[in-house]
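> Given only the sequences and the hints, what does the whole structure look like? Please build it.
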Amino acid sequence: MNKIVVIGHKNPDTDSIISALVGAEYLEKVLGKNAKAYRAGILNNETKFILEKWEVEIPEEINPSIEIESVCLVDHNEVSQLAEGVDYNKVDFVIDHHKVAITTEKPFFMRLEPIGSTSSLLAKMFFEKGEFPSEVTSKLLLSGILSDTLNFTSPTTTQEDKEFAQKLNEIAKLDVESYVAEMFKAKSSLEGISTEEITTLDYKEFEMGNKKVGVGTWETTLPQSVNERKEEIFKILSERKESKKLDYIYFMVVDIIAGNCQLYIISDEEKTLAEKVFGESVENGIMLLKGVVSRKKQIVPPLTEALS
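Residue numbers (this note's numbering): 1 to 308.
Calculated directly from the structure, the hints in this document are not laboratory data.
These figures come from a predicted structure and were not determined experimentally.
Check each hint, because a few of them may be wrong.
[Claimed, not checked] Lysine-lysine pairs mimicking DSS-like chemistry, simulated, CA-CA at most 30 angstroms apart:
#, residue 1, residue 2
1, 106, 211
2, 29, 90
3, 167, 129
4, 235, 211
5, 296, 106
6, 296, 185
7, 271, 235
8, 48, 29
9, 90, 124
10, 48, 244
11, 230, 290
12, 129, 53
13, 290, 185
14, 212, 106
15, 167, 296
16, 48, 99
17, 99, 124
18, 244, 212
19, 29, 162
20, 241, 276
21, 99, 244
22, 48, 3
23, 36, 3
24, 185, 124
25, 53, 167
26, 296, 244
27, 106, 29
28, 99, 290
29, 212, 245
30, 99, 241
31, 276, 230
32, 29, 99
33, 290, 276
34, 241, 212
35, 271, 241
[What the hints assert, rightly or not] Distance ranges between label pairs, derived from CB positions:
#, residue 1, residue 2, range
36, 272, 67, 46 to 54 angstroms
37, 134, 301, 33 to 41 angstroms
38, 159, 132, 16 to 24 angstroms
39, 87, 207, 13 to 21 angstroms
All C-beta atoms in this analysis are idealised placements derived from N, C-alpha and C, irrespective of residue type, glycine included.
See the structure below:
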């Protein structure tokens with residue numbers, strides 16, 4: 001039986017890594033497949049904290065020497081977010097909570113729902129089959145939900161996310177508020193993080209009409225610590241825009257506590273588009289977007305509409 005490579009998007013966030021780990025477990029335990037979780041990049045400090053706390057091994061990083069016969073994509077399905085070396089036409093499974101973007105030469109299994117995290121969807125899939133995740137798996141899934149929904153404050157949050165989190169915590173038995181505080185402290189930590197990594201650890205590229213747009217995100221309880229590196233970040237973004245032949249590039253500093261976003265504007269091109277789309281002014285290269293915390297729901301859709 002061919003081993004299924006279960007993998008999230010490039011520059012993986014917590015939900016992406018946990019979805020790969022639990023997705024592989026679901027394929028093996030529920031569907032009887034042979035599967036293994038991989039990662040498509042380095043882990044952020046929040047994900048490291050979670051895996052270390054629950055003593056879970058970090059997935060192996062995908063590399064060209066790994067023979068891939070079958071793929072399960074989790075937490076993504078866009079070509080631009082696919083790990084290097086993964087052939088789209090070897091995709092046999094997709095488990096995701098983003099819009100449909102995949103087209104392959106053959107039919108495949110797809111489970112995609114408008115829900116706050118892929119971790120929520122995997123929890124739903126387990127419970128639908130009458131399966132109860134182990135205590136550790138429940139802790140991982142709960143962590144993925146809390147991370148991707150920003151403790152249910154993101155506009156992507158649904159009632160199902162809250163219900164599955166509660167159901168998982170009946171198994172995990174965590175003090176959620178205390179645990180979230182630990183998670184977000186780790187998420188905000190810049191210890192051992194270079195400025196380049198700040199801009200890449202949660203960075204995605206999108207096709208919007210005939211334009212290619214990069215959008216990076218850094219979620220933090222301490223936005224000033226990121227703003228102190230603003231000039232260096234601007235330089236990195238400008239170089240990336242040129243080297244990757246992007247039409248536009250943006251960077252979001254999301255203040256988890258205030259529920260706001262500081263959108264970094266590196267040039268007049270980005271400024272003109274952002275002012276048209278969001279209707280706010282730019283001061284010292286930053287546009288403050290009150291109530292905006294979600295790239296998926298509040299940044300990408302209006303940009304896509306404007307460029308399509």
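> Is the Cα-Cα distance between residue 48 and residue 244 30 angstroms or less?
holds, 29 angstroms
> Check the hint pairing residue 230 with residue 290 against an upper bound of 30 angstroms on the C-alpha distance.
Holds. Residue 230 to residue 290 sits at ~20 angstroms (cutoff 30 angstroms).
> Does residue 90 sit within 30 angstroms of residue 29, going by the straight-line distance between their CA atoms?
Holds, at about 22 angstroms.
> Mind checking the hinted window 46 to 54 angstroms against the Cβ distance between residue 272 and residue 67?
holds, 47 angstroms
> Does residue 162 lie within 30 angstroms of residue 29 when you go C-alpha to C-alpha?
holds, 25 angstroms
> Check whether the Cα positions of residue 290 and residue 185 lie no farther apart than 30 angstroms.
holds, 22 angstroms
> Check the hint pairing residue 48 with residue 3 against an upper bound of 30 angstroms on the C-alpha distance.
Satisfied, since the Cα-Cα distance of roughly 26 angstroms is no more than 30 angstroms.
> Does the beta carbon distance between residue 159 and residue 132 stay inside 16 to 24 angstroms, or does it fall outside?
holds, 21 angstroms
> Tell me if the straight-line CA distance from residue 99 to residue 244 falls inside 30 angstroms.
holds, 24 angstroms
> With a cut-off of 30 angstroms on the C-alpha distance, tell me whether residue 129 and residue 53 pass.
holds, 28 angstroms
> Has the hinted range 33 to 41 angstroms been met by the Cβ atoms of residue 134 and residue 301?
Given about 37 angstroms between the Cβ atoms, the range holds.
> Between residue 167 and residue 129, does the CA-CA distance stay at or below 30 angstroms?
The hint holds at about 15 angstroms.
No hint from the list above goes unmet by this structure.
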